[in-house]
Amino acid sequence: MLAAKVMQEQGIHVEGINFYTGFCVEGHTHAIRNEHRDKPKRNNALWVAEQLGIKLHIIEVIEEYKQVVINPKHGYGAHLNPCLDCKGFMVGKARQWMEENGFDFIITGEVIGQRPMSQRKDTMPIVARESGAFDRLVRPLCGKSLPPTLPEREGWIDRDKLLDLSGRSRKPQMAMAEKYGLNDYAQPAGGCCFLTNEQYANKLGDMWKTRGTKEYEIDDIMLLKVGRHLRPRPHFKLIVGRDEGENNYLQGYRKKFVHLNATSHTGPLVLLDVSSSAGSSELNAEDLWLAARLTARFGHGRDAESVVVSVTDLNGMARDLTVAPLPANEIPAEWYL
Amino acid sequence: MSEHQLDTRGLLCPMPVIRTQQRVATLATGDILEVLASDPGVLHDIPAWCRVHGHEVLDTARSAHEINIRLRVRKT
Chain A
1 MLAAKVMQEQ
11 GIHVEGINFY
21 TGFCVEGHTH
31 AIRNEHRDKP
41 KRNNALWVAE
51 QLGIKLHIIE
61 VIEEYKQVVI
71 NPKHGYGAHL
81 NPCLDCKGFM
91 VGKARQWMEE
101 NGFDFIITGE
111 VIGQRPMSQR
121 KDTMPIVARE
131 SGAFDRLVRP
141 LCGKSLPPTL
151 PEREGWIDRD
161 KLLDLSGRSR
171 KPQMAMAEKY
181 GLNDYAQPAG
191 GCCFLTNEQY
201 ANKLGDMWKT
211 RGTKEYEIDD
221 IMLLKVGRHL
231 RPRPHFKLIV
241 GRDEGENNYL
251 QGYRKKFVHL
261 NATSHTGPLV
271 LLDVSSSAGS
281 SELNAEDLWL
291 AARLTARFGH
301 GRDAESVVVS
311 VTDLNGMARD
321 LTVAPLPANE
331 IPAEWYL
Chain D
1001 MSEHQLDTRG
1011 LLCPMPVIRT
1021 QQRVATLATG
1031 DILEVLASDP
1041 GVLHDIPAWC
1051 RVHGHEVLDT
1061 ARSAHEINIR
1071 LRVRKT
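Note that the protein sequences, when read in sequence, are chains A and D.
Heads up, the first sequence is in this note's numbering, so the first residue is 1 and it goes up one at a time.
Heads up, the second sequence is in this note's numbering, so the first residue is 1001 and it goes up one at a time.
Be aware that one or more of the hints could be misleading.
[As the list claims (entries may be wrong)] Listed below are the simulated DSS-like cross-link pairs for lysine-lysine, each with C-alpha atoms no more than 30 angstroms apart in a straight line: (1) K255/A to K171/A; (2) K171/A to K161/A; (3) K66/A to K93/A; (4) K161/A to K5/A; (5) K5/A to K1075/D; (6) K214/A to K5/A; (7) K1075/D to K55/A; (8) K1075/D to K93/A; (9) K171/A to K5/A.
[As the list claims (entries may be wrong)] Sample of chain A residues facing chain D (criterion: CB under 8 angstroms; computed from the structure): (10) Y20; (11) R42; (12) N43; (13) L46; (14) I58; (15) E63; (16) E64; (17) E305.
[Unchecked claim] What follows is a set of in silico ranges between Cβ atoms, one per label pair, in the way DEER data are often shown: (18) T1029/D to F103/A: 18 to 24 angstroms; (19) N71/A to Q1005/D: 38 to 44 angstroms; (20) H1004/D to I54/A: 22 to 28 angstroms; (21) T1029/D to R168/A: 29 to 35 angstroms; (22) S1063/D to G181/A: 35 to 41 angstroms; (23) H1065/D to I62/A: 23 to 29 angstroms; (24) T213/A to H1065/D: 34 to 40 angstroms.
In short, the hints are calculated from the structure, not lab data.
Ideal placement from N, C-alpha and C gives every residue a C-beta, glycine not left out.
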């Protein structure tokens, strides 16, 4: 947002590009949960574009992005975030869009030293090179500290008006935002991608390990954003809705999963995710009994002597099990993903 | 001028916006596009996208399970 402002001040026509990978933390992702209902449901990229008065192009890269996540050349960051490969990929897609739409150069809001992996002085040239953008990639917020780019050498932009920000502190950016009258802005970098989230990365890592492959579909990664995930046995896990919003969301997946819900008490919708590569691909009676006890545990009947739980198979056939809720102290911590 | 329909029911934001963007790119100025959706997020996002690109939202309607947004494509 600030990088675009700096360019607009030089009279440069700017348009925005926002990539949708499937791992994005959207206002609507938060909105699935009741407790996040107070957060704005806006799409932040669209909101920023409106503030800047620029067009925004939202580009879906779900399929192409898989190779970035599955096999990052530069490895992962603290969790399963392939930040350097991701940056190279996105700038590369932006370069492609630039060429197809008659634009002259790309700007990003990067600052030297702001991120440990992708925004270091030694990794910035990697992004420029691997994206194919080379010296048509301008970083207005730290450009003064970097070698002159083509737009600077050609006089399209004034290098003297670029900034020389560096480091992890965002105080200079906040001061700039205040100067521009921007008092509401999106969360700082790192907060917009689930791959930087430890809990999410644990769930994704578990999915890869259990399946024996890193391949995934969009529904797989969407479901990792929702619910409490427990793996009581290697070949199946439970996805337990934590509130009405999540239960409603999980309803949309009922037909693809064996699912459970208490009928004698109110409680969550629970999906059973069965892995065929982790030994048995079938749920036996003992598995269903355990899943039913866990389902009862997370509902309002948790303190009751018995709870009736409906179990619906993949053919839509339902049957009731009357079970004792599993006590909290019988749920090992390692079951929680 | 012609009228068109786009069904994005079952998709979560931002996919309905992306599909709308892709469809509008194929339409002519003055054409009308009706977007069917199930994610309430479109009530915010599609009008925002239209404002950013200069298209006109003609009307929005919401029933229990469906949202309809009609927009007119403007030259941008």
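Hints, verified against the model:
no.: 1; hint: K255/A to K171/A; result: violated (49 angstroms)
no.: 2; hint: K171/A to K161/A; result: holds (19 angstroms)
no.: 3; hint: K66/A to K93/A; result: holds (14 angstroms)
no.: 4; hint: K161/A to K5/A; result: holds (12 angstroms)
no.: 5; hint: K5/A to K1075/D; result: holds (25 angstroms)
no.: 6; hint: K214/A to K5/A; result: violated (40 angstroms)
no.: 7; hint: K1075/D to K55/A; result: holds (13 angstroms)
no.: 8; hint: K1075/D to K93/A; result: holds (26 angstroms)
no.: 9; hint: K171/A to K5/A; result: holds (17 angstroms)
no.: 10; hint: Y20; result: holds (6 angstroms)
no.: 11; hint: R42; result: holds (6 angstroms)
no.: 12; hint: N43; result: holds (5 angstroms)
no.: 13; hint: L46; result: holds (4 angstroms)
no.: 14; hint: I58; result: holds (5 angstroms)
no.: 15; hint: E63; result: violated (13 angstroms)
no.: 16; hint: E64; result: violated (14 angstroms)
no.: 17; hint: E305; result: violated (38 angstroms)
no.: 18; hint: T1029/D to F103/A: 18 to 24 angstroms; result: holds (22 angstroms)
no.: 19; hint: N71/A to Q1005/D: 38 to 44 angstroms; result: holds (40 angstroms)
no.: 20; hint: H1004/D to I54/A: 22 to 28 angstroms; result: holds (27 angstroms)
no.: 21; hint: T1029/D to R168/A: 29 to 35 angstroms; result: violated (47 angstroms)
no.: 22; hint: S1063/D to G181/A: 35 to 41 angstroms; result: holds (40 angstroms)
no.: 23; hint: H1065/D to I62/A: 23 to 29 angstroms; result: holds (25 angstroms)
no.: 24; hint: T213/A to H1065/D: 34 to 40 angstroms; result: holds (36 angstroms)
Comparing the model with each numbered hint stated earlier shows that hints 1, 6, 15, 16, 17, 21 do not hold.
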